[in-house]
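A.B. asks: Sequence:
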Amino acid sequence: MIGQTWPDERRTSRDLRTGRTITQLTASGNNVHLYFTENSFDAGGQFILFSSDRASGTDHAPHESPHYNLFRLDLESGLITQLTDEPQSIGSVTKTPDSRIVAYITGNEVRTLDTASGEARTIYSELGPWSLGAPSISRNQRYVAFCRNEQVDAPRGPNYSGF
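Counting with the working numbering, you get residues 2 to 164 for the letters of the sequence shown.
These are calculated hints, taken from the structure and not from any lab test. Do not rely on the hints blindly, as some may be mistaken.
Unchecked claim - Computed Cβ-Cβ distance ranges for the label pairs, DEER-style:
id	residue 1	residue 2	range
1	Arg18	Leu128	53 to 59 Å
2	His61	Arg101	27 to 33 Å
3	Thr6	Glu65	38 to 44 Å
4	Val153	Thr82	38 to 44 Å
5	Asn40	Asn150	23 to 29 Å
6	Met2	Glu127	26 to 32 Å
7	His34	Ser139	21 to 27 Å
8	Arg18	Gly58	38 to 44 Å
9	Ala44	Asn150	17 to 23 Å
10	Gln89	Thr6	19 to 25 Å
11	Gly45	Thr22	31 to 37 Å
12	Gly92	Arg18	21 to 27 Å
Here a beta-carbon is modelled for each residue, glycine too, at the ideal position from N, C-alpha and C.
Turn these sequences into a full structure, and let the hints steer you where they fit.
C.D. replies: Right, here's the structure in full:
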């Protein structure tokens with residue numbers, strides 16, 4: 002449910018080699034940071050965005066296709082807030098540096114979320130046999146580019162039946 006919150010889950014430990022403090026931010030569900038080329042932190046450094054299945058009501062291992070939605074963690078308080086409640090799992094998340102606009106793929110749609118107003122809208126819906134992915138928001142926030150790849154059913158033959 003959008004707006005649902007979870008209390009602080011942070012835990013700390015000490016790195017035995019360096020002596021530095023390590024902070025684990027989440028403890029329940031499958032939690033996934035944005036892709037390594039995306040910055041999960043907002044420009045002000047107070048929040049981090051991540052995907053999680055914590056609101057799905059099911060307990061799946063990562064390889065069992067968990068139902069992910071988008072969440073924001075307040076780095077000062079540890080409070081976790083659900084930002085999306087999509088009927089299908091979300092993926093390919095990107096955002097503007099200030100985290101105001103988020104773009105993501107869910108099912109056969111490219112959607113955007115205004116994190117200030119909570120307004121989510123579909124900006125593209127795929128009707129054919131195409132996969133969507135890798136959205137990117139232009140610097141002026143006027144455009145969202147994304148990949149659209151044909152889903153091809155290529156016969157694999159006996160040489161690809163397994164090892």
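A.B. asks: So which of the earlier hints does this model not fit?
C.D. replies: Violated hints (numbers, rising): 3, 9, 11, 12; every other hint is consistent with the structure.
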